[in-house]
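Chemist: Chain by chain, the residues run as shown.
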Amino acid sequence: MRAYILTRLLSLIPVLIIVAVIVFFLIHLTPGDPAAIMLGPQATPEEVERLREQLGLNLPLHEQFFNWFFGLFRGDLGWSISHNKPVLTAFIEHLGPTISLSILAQAISMILAIPLGIIAAKRRGTRVDQTFMVLVMLGMAIPSFLMGLLLMQLFGVKLQWFPVAGYEPLSAGLWDHLKFMILPATALGIIQTAVIARMTRSSMLDVFSANYIKTAYAKGVKESIVVYKHALRNAAIPILTVLGEAFGTLIAGAVVTETVFNLPGIGQLVINAIEKRDYAVIQGTILLAAASYLLVNLIVDLLYGVVDPRVRLSRKS
Amino acid sequence: MKIKSMYLFMFVLALALVAAGCSGDSPSEDSSEPASAEESESAGNGEESAQSGGTLNIAYEAQPNTLDPTVTTAGATKDMARQIYEALLTLNENWEVTPQLAESYEVSENGKIYIFKLRQGIKFHNGDEMTADDVVASMEKWTDNSSLTQSILNGAEWKKVDDYTVELHLEKPSALVPFSLADQNQLAAIMPQEVAESAGPIGATEYIGTGPFKFVEWKQDQYIHFTRFEDYQPVSEPASGLAGEKLALVDDVYWHIVPDESTRNAGLISGQYDVVVGVSYDAIEQIENTQGLSVDIYPYGFQMLVFNKKQGLFSDVKARQAVNYALDKEMVLRSSFGDERFYTLEPSLFRPEQTDWYSDAGKELYNPKDLDKAKQLLEETGYNGEEIIILTSRDYAYQYNAAVATQQLLQEIGINAKLDVYDWGTLLELRSAPEVWDIFFTGWDTSVIPHQYGFLDSKAEWPGWTNSPKIDGLLSDIESAESQEEAKALYAQLQQELWEYLPIINVGTYSKINGISEKVKGFRDFIGPVVWNVSVEE
Numbered sequence: 001m002r003a004y005i006l007t008r009l010l011s012l013i014p015v016l017i018i019v020a021v022i023v024f025f026l027i028h029l030t031p032g033d034p035a036a037i038m039l040g041p042q043a044t045p046e047e048v049e050r051l052r053e054q055l056g057l058n059l060p061l062h063e064q065f066f067n068w069f070f071g072l073f074r075g076d077l078g079w080s081i082s083h084n085k086p087v088l089t090a091f092i093e094h095l096g097p098t099i100s101l102s103i104l105a106q107a108i109s110m111i112l113a114i115p116l117g118i119i120a121a122k123r124r125g126t127r128v129d130q131t132f133m134v135l136v137m138l139g140m141a142i143p144s145f146l147m148g149l150l151l152m153q154l155f156g157v158k159l160q161w162f163p164v165a166g167y168e169p170l171s172a173g174l175w176d177h178l179k180f181m182i183l184p185a186t187a188l189g190i191i192q193t194a195v196i197a198r199m200t201r202s203s204m205l206d207v208f209s210a211n212y213i214k215t216a217y218a219k220g221v222k223e224s225i226v227v228y229k230h231a232l233r234n235a236a237i238p239i240l241t242v243l244g245e246a247f248g249t250l251i252a253g254a255v256v257t258e259t260v261f262n263l264p265g266i267g268q269l270v271i272n273a274i275e276k277r278d279y280a281v282i283q284g285t286i287l288l289a290a291a292s293y294l295l296v297n298l299i300v301d302l303l304y305g306v307v308d309p310r311v312r313l314s315r316k317s
Numbered sequence: 001m002k003i004k005s006m007y008l009f010m011f012v013l014a015l016a017l018v019a020a021g022c023s024g025d026s027p028s029e030d031s032s033e034p035a036s037a038e039e040s041e042s043a044g045n046g047e048e049s050a051q052s053g054g055t056l057n058i059a060y061e062a063q064p065n066t067l068d069p070t071v072t073t074a075g076a077t078k079d080m081a082r083q084i085y086e087a088l089l090t091l092n093e094n095w096e097v098t099p100q101l102a103e104s105y106e107v108s109e110n111g112k113i114y115i116f117k118l119r120q121g122i123k124f125h126n127g128d129e130m131t132a133d134d135v136v137a138s139m140e141k142w143t144d145n146s147s148l149t150q151s152i153l154n155g156a157e158w159k160k161v162d163d164y165t166v167e168l169h170l171e172k173p174s175a176l177v178p179f180s181l182a183d184q185n186q187l188a189a190i191m192p193q194e195v196a197e198s199a200g201p202i203g204a205t206e207y208i209g210t211g212p213f214k215f216v217e218w219k220q221d222q223y224i225h226f227t228r229f230e231d232y233q234p235v236s237e238p239a240s241g242l243a244g245e246k247l248a249l250v251d252d253v254y255w256h257i258v259p260d261e262s263t264r265n266a267g268l269i270s271g272q273y274d275v276v277v278g279v280s281y282d283a284i285e286q287i288e289n290t291q292g293l294s295v296d297i298y299p300y301g302f303q304m305l306v307f308n309k310k311q312g313l314f315s316d317v318k319a320r321q322a323v324n325y326a327l328d329k330e331m332v333l334r335s336s337f338g339d340e341r342f343y344t345l346e347p348s349l350f351r352p353e354q355t356d357w358y359s360d361a362g363k364e365l366y367n368p369k370d371l372d373k374a375k376q377l378l379e380e381t382g383y384n385g386e387e388i389i390i391l392t393s394r395d396y397a398y399q400y401n402a403a404v405a406t407q408q409l410l411q412e413i414g415i416n417a418k419l420d421v422y423d424w425g426t427l428l429e430l431r432s433a434p435e436v437w438d439i440f441f442t443g444w445d446t447s448v449i450p451h452q453y454g455f456l457d458s459k460a461e462w463p464g465w466t467n468s469p470k471i472d473g474l475l476s477d478i479e480s481a482e483s484q485e486e487a488k489a490l491y492a493q494l495q496q497e498l499w500e501y502l503p504i505i506n507v508g509t510y511s512k513i514n515g516i517s518e519k520v521k522g523f524r525d526f527i528g529p530v531v532w533n534v535s536v537e538e
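Listed in order, the protein sequences are those of chains U and V.
When we follow full-length UniProt numbering, the leftmost residue of the first sequence carries the number 1, and every step to the right adds one.
When we follow full-length UniProt numbering, the leftmost residue of the second sequence carries the number 1, and every step to the right adds one.
Each hint should be verified, as a subset may be incorrect.
Claimed, not checked - Pairwise CB distance ranges (calculated):
hint: 1; chain 1: V; residue 1: K117; chain 2: U; residue 2: R52; range: 37 to 45 Å
hint: 2; chain 1: U; residue 1: G125; chain 2: V; residue 2: E288; range: 49 to 57 Å
hint: 3; chain 1: V; residue 1: Q311; chain 2: U; residue 2: V21; range: 33 to 41 Å
hint: 4; chain 1: U; residue 1: S171; chain 2: V; residue 2: T205; range: 18 to 26 Å
As the list claims (entries may be wrong) - Keeping only pairs whose Cα atoms sit at most 27 Å apart, straight-line, the calculated DSSO-like set for lysine-lysine is:
hint: 5; chain 1: V; residue 1: K521; chain 2: U; residue 2: K158
hint: 6; chain 1: U; residue 1: K85; chain 2: V; residue 2: K78
hint: 7; chain 1: V; residue 1: K369; chain 2: V; residue 2: K310
hint: 8; chain 1: U; residue 1: K158; chain 2: V; residue 2: K519
hint: 9; chain 1: V; residue 1: K159; chain 2: V; residue 2: K112
hint: 10; chain 1: V; residue 1: K373; chain 2: V; residue 2: K470
hint: 11; chain 1: V; residue 1: K519; chain 2: U; residue 2: K179
None of these hints come from the bench; they were simulated from the model.
In this text, a Cβ means the ideal position worked out from N, Cα and C, and glycines have one as well.
Start from the sequences and build out the full structure, keeping to the hints where you can.
Modeler: What follows is the structure, given as structure tokens:
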């Protein structure tokens, strides 16, 4: 098992190197000059040039690349010119809201989606099934920023149950933290609900038609035990896969949601960095986001073994 | 057997949630409820007891890179840093130079030495008294960094005479020195000597000034927190512009960084923010129609059409004049800003209240609207229908709208105009390449002296590449003028030449909008939001 994890971890390295190279050149080939943006529209070319020199932007591209690339191996992701601190520090400072948002959104979507999917599967073809699935499609069709704005208008502006924007870390108290997170997490979670509910439904349908379920019913096993113990467990692998992938889309969705609700997370960090052409931050963040996505997928793969003993057995053989 | 494993997954999630919360910003020492009871009490005992207290929550559109105003002209730095820092001189409501940390100043007969008498007993936020050493160190740092000083203060030296007297020695006399010391765009901020001397090229990292509010905490992408400076020593003259009495009437000021406009407005309507800086022209109705909210429309700058004078059609002055005759300024302004409340037809680069500079010279050429004359001038240039590129960006809706209106007006006189639309960052880079564009739009905020308008000066090489020996000569004459009257008369000539040579077309002046809750009293804008003499009713 340990060897397996180690091999998987090592296999991440070439992927990350490729990501690093692509990200660097993609960003540097995009037009826009960080110095010109920092100094604003009234700056003269001379002032811009002076700042370019101070920031090391006048070096040849390959030199800039190697400086950055070899820095990576020392754990140095570069220096953020807009935050005036190391990229890693800026990243860590912005990590809390994004992780909290992603986990809460994931939790909300799971709490909603799995029961919804199971009920829809059990009542396949009935009105309940159709209504649920229409609702799910609707949730999928609404873009996350629109969902965010709608929730904000209703619960923030009209009812004033929650603040419309801002952030408090968990250390300020659980409720203080949650009251800022509930609306954005719901906005993001509802969209995920759609994907996960559909997958749960179809996966459960597959399992329901299997012979061992019929046998269980024939033996007179209680319905709830058939559904939750026999069926859900066997349907869990595809659901887990979707959950893993959903985490990736969550990070992408978080960019939009964080902007709408003004959460100081990774999404905000990247958006600001792109506007300011803060190259080091864009590169570092995308690299770290890619790494965490790969890690989440690794964890999902390992969870297959926890959920399904056959996966463990086949690995041993 | 193991429904446990599903629970295990949920448990891991829950654990990670806790970890996530903890991995956020380190817990702030001061509570999230800003005004502590103690602070309110002590404020209550002070002389401002009637109006003191409370918190002012401002939603602002951008995060500054630094709060040190001496190293950047960025608007976000300017707006926030002025609470912390003060300069020797400042501007009153007529944009006239008025002493601030200086008690008074005089000029030697040959105009080469400025003598500043400092106010005594002024405390920095760290408790130390401000003396000539701090002023000299701060002014040297500012002189090194300021883009304005490159020409006006070139070779200037700051000298301490005694603890409360400082002299500025110039290589050549200039009536513009006081303006540059009072300018807000790159404030000549006074800070303690040790802070000024240890600051790197990207600015001081310790924010210590003499202003009515002191810096408390900066949470990246969330807010910047300032609190009342109890030892602040206001002057006794009535408040005017940025001069006169400045009182910190609230205990705390939070500048929330909220880039998304709809979020800012929603926060104002729900009561989370007291003031919203930067309401867009089409959102004003929503604010105006909400009970308990009002808007403040304040003059900001002018909108201008910039010509590429280095190559292409508009290197010929006749082609630029043709555009000026074709361009219906009112139509362009209305397309940009929508409502008459937000713009004024105005030929000057200065505002009427700027009595030191304002002139209406060139007004006969400002909005002539004569399509026949335009066509005739265009014909004289020998233009044969080649494509004319208008560079624009949707990031600033008013600029984009102006570009669309201009494209139409140019097509009416037979110019084959095409829009090239980019994001703002790309536009800033492309505009420095003369081969890719002919026209672009931008806004410019009203300045204190003509020399800050980079598009006038050939040496500045500002995109558009003005090359007018006459304008250059006038700029240089203004710089060495012996009195303000002389400088003002020379500027009037310059403005006339501006409308003849047309390095740019000044379309007109425009305003910006702040949204304000009725709980807030005394909030106004003067070259940025003014947060002193502002109170908040709880």
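Chemist: Does each hint hold? Answer for all of them.
Modeler: Status of the hints after comparison with the structure:
{"no.": "1", "hint": "V/K117 - U/R52: 37 to 45 Å", "result": "holds (41 Å)"}
{"no.": "2", "hint": "U/G125 - V/E288: 49 to 57 Å", "result": "holds (53 Å)"}
{"no.": "3", "hint": "V/Q311 - U/V21: 33 to 41 Å", "result": "holds (37 Å)"}
{"no.": "4", "hint": "U/S171 - V/T205: 18 to 26 Å", "result": "holds (25 Å)"}
{"no.": "5", "hint": "V/K521 - U/K158", "result": "holds (25 Å)"}
{"no.": "6", "hint": "U/K85 - V/K78", "result": "holds (21 Å)"}
{"no.": "7", "hint": "V/K369 - V/K310", "result": "holds (26 Å)"}
{"no.": "8", "hint": "U/K158 - V/K519", "result": "holds (19 Å)"}
{"no.": "9", "hint": "V/K159 - V/K112", "result": "holds (13 Å)"}
{"no.": "10", "hint": "V/K373 - V/K470", "result": "holds (25 Å)"}
{"no.": "11", "hint": "V/K519 - U/K179", "result": "holds (25 Å)"}
The structure is consistent with each of the numbered hints, conforming to all of them.
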